[in-house]
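Take each chain as given, in its own frame, and dock them per the hints.
Residue numbers (numbering that gives the first Met the number 0), protein chains in the order written: chain P, 0 to 295; chain W, 0 to 246.
Take these hints with a grain of salt, some might be off.
Chain W stretches covered by chain P per the calculated footprint, using a threshold of three residues with CB under 8 Å from any CB of chain P [what the hints assert, rightly or not]:
1) 35-43
2) 86-96
3) 101-113
Partner residues are not named here, just some residues of chain P that face chain W (Cβ under 10 Å, in silico) [unchecked claim]:
4) A58
5) A80
6) N99
7) P188
8) G190
9) Q191
10) L198
11) L200
12) G201
13) R208
14) I209
Since the hints were made in silico from the structure, they are not lab data. All residues carry an ideal CB built from backbone N, CA and C; glycine is no exception.
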Amino acid sequence: MRQRRLLVQVGVAAVLIGLLALLVNNLAVNLIRTGLGLGFGWLGRPAGFALAETALPYAPSDSYLWALTIGWLNSLKVIAAGLVLATVLGVAAGAARSSNNRLLRSLAGGYVALIRQVPLLLQLLFWYFVAFLGLPSVPIGGLIRLSNQGIQLLGLNLSVEFCAVLVGLTVFTGASIAEIVRGGINAVPRGQWEAFRSLGLGEGLGLRRIVLPQALPAILPALTSQYLNLAKNSTLAIAVGYADLYAVSDTTITQTGRAIEGFLLLLLSFLLLNLLISGGMAAFNRAVLGRLNRSR
Amino acid sequence: MTVAIRATDLVKSYSQGVRALDGVTLEVNSGEVLVVMGPSGSGKSTLIRTFNGLETLDGGALDVLGVSLDATHGERQVLAIRKRVGMVFQQFNLFPHLSILDNITLAPIKVQQRAKASAEQRAMELLDQMGIREQAYKYPAQLSGGQQQRVAIARALALDPEVMLFDEPTSALDPERVKEVLDAMRQLAKGGMTMVVVTHELSFAREVADRVMFMDRGQVVETSDPETFFSNAREERSRRFLNQMQH
Numbered sequence: 000m001r002q003r004r005l006l007v008q009v010g011v012a013a014v015l016i017g018l019l020a021l022l023v024n025n026l027a028v029n030l031i032r033t034g035l036g037l038g039f040g041w042l043g044r045p046a047g048f049a050l051a052e053t054a055l056p057y058a059p060s061d062s063y064l065w066a067l068t069i070g071w072l073n074s075l076k077v078i079a080a081g082l083v084l085a086t087v088l089g090v091a092a093g094a095a096r097s098s099n100n101r102l103l104r105s106l107a108g109g110y111v112a113l114i115r116q117v118p119l120l121l122q123l124l125f126w127y128f129v130a131f132l133g134l135p136s137v138p139i140g141g142l143i144r145l146s147n148q149g150i151q152l153l154g155l156n157l158s159v160e161f162c163a164v165l166v167g168l169t170v171f172t173g174a175s176i177a178e179i180v181r182g183g184i185n186a187v188p189r190g191q192w193e194a195f196r197s198l199g200l201g202e203g204l205g206l207r208r209i210v211l212p213q214a215l216p217a218i219l220p221a222l223t224s225q226y227l228n229l230a231k232n233s234t235l236a237i238a239v240g241y242a243d244l245y246a247v248s249d250t251t252i253t254q255t256g257r258a259i260e261g262f263l264l265l266l267l268s269f270l271l272l273n274l275l276i277s278g279g280m281a282a283f284n285r286a287v288l289g290r291l292n293r294s295r
Numbered sequence: 000m001t002v003a004i005r006a007t008d009l010v011k012s013y014s015q016g017v018r019a020l021d022g023v024t025l026e027v028n029s030g031e032v033l034v035v036m037g038p039s040g041s042g043k044s045t046l047i048r049t050f051n052g053l054e055t056l057d058g059g060a061l062d063v064l065g066v067s068l069d070a071t072h073g074e075r076q077v078l079a080i081r082k083r084v085g086m087v088f089q090q091f092n093l094f095p096h097l098s099i100l101d102n103i104t105l106a107p108i109k110v111q112q113r114a115k116a117s118a119e120q121r122a123m124e125l126l127d128q129m130g131i132r133e134q135a136y137k138y139p140a141q142l143s144g145g146q147q148q149r150v151a152i153a154r155a156l157a158l159d160p161e162v163m164l165f166d167e168p169t170s171a172l173d174p175e176r177v178k179e180v181l182d183a184m185r186q187l188a189k190g191g192m193t194m195v196v197v198t199h200e201l202s203f204a205r206e207v208a209d210r211v212m213f214m215d216r217g218q219v220v221e222t223s224d225p226e227t228f229f230s231n232a233r234e235e236r237s238r239r240f241l242n243q244m245q246h
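Extracted from the complex, chain W is given alone in its bound form (with noise of 0.2 Å):
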């Protein structure tokens, strides 16, 4: 089994004294979904943000795709990293002044130069797979959080990345929205793309990961299966969490 990410004590601090990252160690393996938990503040989101380069570190190594990232890590790097890696927001941040079919052929046109008409042929089939073929003409503020979301994930997955990471990808959506992405998310870890989603999703989670990791205060508490995580956690810290999202 190959691994995809290997993050080795990693440190991010924003503020003298405060450590968003303090010394997190992990691996992914390729085809895995690993879902990352816990309290906001605890560093989650941060974490997932250093994989493609959005954040930077201020200690510690990262290995994504056999590209390496530390401290002293240049722009040519992160470009590398970015072409493989897609990454689905919280917020969407689909670009509002370009149509559907736009946001998602930019980035195949303009970094991979492909061809117009098959960077706008792959990205229908992506949105047929979306299951929103007919919003292509459509601009973002004329869809539902839902629809948006998909678009982004087709948009992500239109460089045809080797990882997709989603950072808490449901959070902004109203409740009924919430399991059309989550079965468009259920769909590609059934086709073995390796992905990090940081959820608060329980049952997507218990559901879907292969491991789940929880984090607390820029550290990793545990890293379990679902079914040891979510019945028998080892940590207290863990178990308040839980009885926390369950109550």
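Isolated chain P (complex conformation) (with noise of 0.2 Å):
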């Protein structure tokens, strides 16, 4: 028994060992074919291309190395302010869905049954070309500014292709997290909605204060995958134009001809962002079951 065992074990290191064997044969043999070899030294020369949107300042006659910086950082603002969005998008959606009022419950469920059936990038699209770019020059108070070439939000100016990108990113994945969370709280047991209905507390009260704090366990590890979808899917950008990693990269990638440097560059950057989103879930994770351990 134990020998066998150790046999399926060797037997699947082998293959991996084969695999991996394989890629580098590959990758050698690519290397050899465009006859650059493999090196990091072109990062340092001027990129050339100008970018539509530069959170810190930027030309052409920067550097590749700080072109890529400048597209990562644009990856960086439309993911966080995606997660932040999806999330409160999802939750309110997601109790929406477990709520009294019938119109609410209706309205959220058609907009996740809607969302989960059309491609994202159909969606980035429609964004982009049918809500965005259609949009005449309204002032909403003041405050905000909508046209077509952008929002004006106190002072911040956002482009057409952030919001777009944003928005569809936000609407996408609201709606999956709308149903983890519908999930979540369908765990919670109907005796903590009685307990809190016959202390007199309101509906929203008691979702906030009794029944989400016990939905978390169950809606945490299906919130990170979520998360790093979006972080993933954020690479669609390049469909409407907006300058993030990935369309920068492979600006970089057709001018230089260095495609092996540029993806493992773009592979290593969704590596370290995608680490440091499972890290802080999963530290966030520990310390809600933490605190419901001792509760117990």
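Put into structure tokens, the structure is as follows:
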């Protein structure tokens, strides 16, 4: 029995090593074929292309490394804002789906059903070409100004591309988060609802103070994978011309021919970013479970 | 004598044709202890859950402490009643993520806008009264069933209710834990609290009840004083039920 288990282990290891060898071989062959060798010296050369959106000062005479950094910051910006907004939207829609109010319940249900049927790429293009580029110039209360040039919000100038990606990612991921939140809420025993209701607490307060805290352990693991999905899906920004990391890498690779190095950098960047997200969520999860275990 | 609860011809059906409540009419006077008995599925739990709006009505009229509930009542009436009517459940339903003290003070602070210090002082008094003062800073899962149910009673009392509803409060308890909960309820009854108690505890009903109401199939079979009910029940159906309970 033990011998057989050992044999299986060795077999699995052999297959993995074989696949890895194949990959390394391909890499070497491709490197020889391009005749460039593996190197990162080109990162210091001037990029020569302009970027529409820069969080820090950037000019075409700056290096490829700086251009990629600007792209990374643009990615970070839209991912961070998307995580926050998708969470707010998802929790609200998820709570609405278990509400007493029939209108609210069907609105949230319709939102989830619709958004989950349509590919994200189509949704991004819809937000960009139909929703944002079609905007007339309308000031709202002096604080917000909408136009097809972008959105001005309290002195913050958001480009149409940024808005389309942000709204697209938020609405798409929010629908999945809504389902996760609804599942978590449903996992809380009915008796908890009856208990807070019988004490005269309102629905909203009971949801916040009684139901959601107990739903968290069921919600968090699935929420983490939605967060990672949002980060990865942000690379679709290239479809609407938002200068995220992937878009900048794409231009860089086309100009320099450094596909292997470019993709290595891309992979590493996303690995780092997603490790950060899952690390943060794991810490939060531990804190929540820790508090719950103390109460057992 | 004032009437705390007046129910007239209450009707509630869960599914087509099956009536959980089939024309229930009753009155509960202030300061009275009414014990509701009956086989499972007789509608007794459904009945007392209509008294604080946890169940909606399909027909009939209900007056609880002067606030009326019927098939069309709004959220406002229900909240008004819930602030004045406490409820204790079979499964305790304590909030597992809150300490015992927080379980008790949550509603006084959030619903009655009481100051935290005074709400906590009152909570400690109630825990004292229930004989579990030393459990204040623990969590529900660290307590025995009997202790948890006494916390649930304290939690309901913290809003200073005028009526207390008990939905089979000892049915989920180990036999040796039943007495401590019944003792707490006896003490409450002695203090003049208006109580409606759904229970299978015959001795409690005999000793504490002012009247015993027997239900079957969503209808009231009979309402008698405990002496009559237990020794000389008027209805054949009640006598059959009591016979089964005692053997």
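Going down the list of hints, with the structure as the test:
1. Residue count for the stretch 35-43 of chain W with a Cβ under 8 Å from a Cβ of chain P: 0. That is fewer than the three needed, and the coverage hint is violated.
2. Here's how the stretch 86-96 of chain W fares: 8 of its residues keep a CB closer than 8 Å to some CB of chain P, so the rule of at least three is met and the hint holds.
3. Chain P is given as covering the stretch 101-113 of chain W, and this holds because 4 residues of the stretch bring a CB closer than 8 Å to a CB of that chain, at least three being needed.
4. The interface hint given for A58(P) is violated, since its Cβ lies 54 Å from the closest Cβ of chain W, which is over the 10 Å cut-off.
5. Residue-level restraint check for A80(P) is violated (minimum Cβ-Cβ distance to chain W is 31 Å; threshold 10 Å).
6. Taken as an interface hint, N99(P) checks out: its beta carbon lies about 9 Å from the nearest beta carbon of chain W, inside 10 Å.
7. A hinted interface residue such as P188(P) counts as satisfied when its beta carbon comes closer than 10 Å to some beta carbon of chain W; here the least separation is about 8 Å, so the hint holds.
8. Given the 10 Å rule on beta carbons, the hint for G190(P) holds: about 4 Å separates it from the nearest Cβ of chain W.
9. Because the smallest distance between the Cβ of Q191(P) and any Cβ of chain W comes to about 6 Å, under 10 Å, the interface hint for this residue holds.
10. With its C-beta approaching chain W no nearer than about 4 Å, L198(P) sits inside the 10 Å limit, and its interface hint holds.
11. Checking L200(P) against chain W: minimum C-beta separation of about 6 Å stays under 10 Å; hint holds.
12. Restraint check, G201(P) versus chain W: the minimum CB separation of about 7 Å is within 10 Å; hint holds.
13. With a cut of 10 Å, the hint placing R208(P) at the interface with chain W holds, because the nearest CB-to-CB distance is about 7 Å.
14. Against a cut-off of 10 Å between C-beta atoms, the interface hint on I209(P) holds, since the closest Cβ of chain W lies about 6 Å away.
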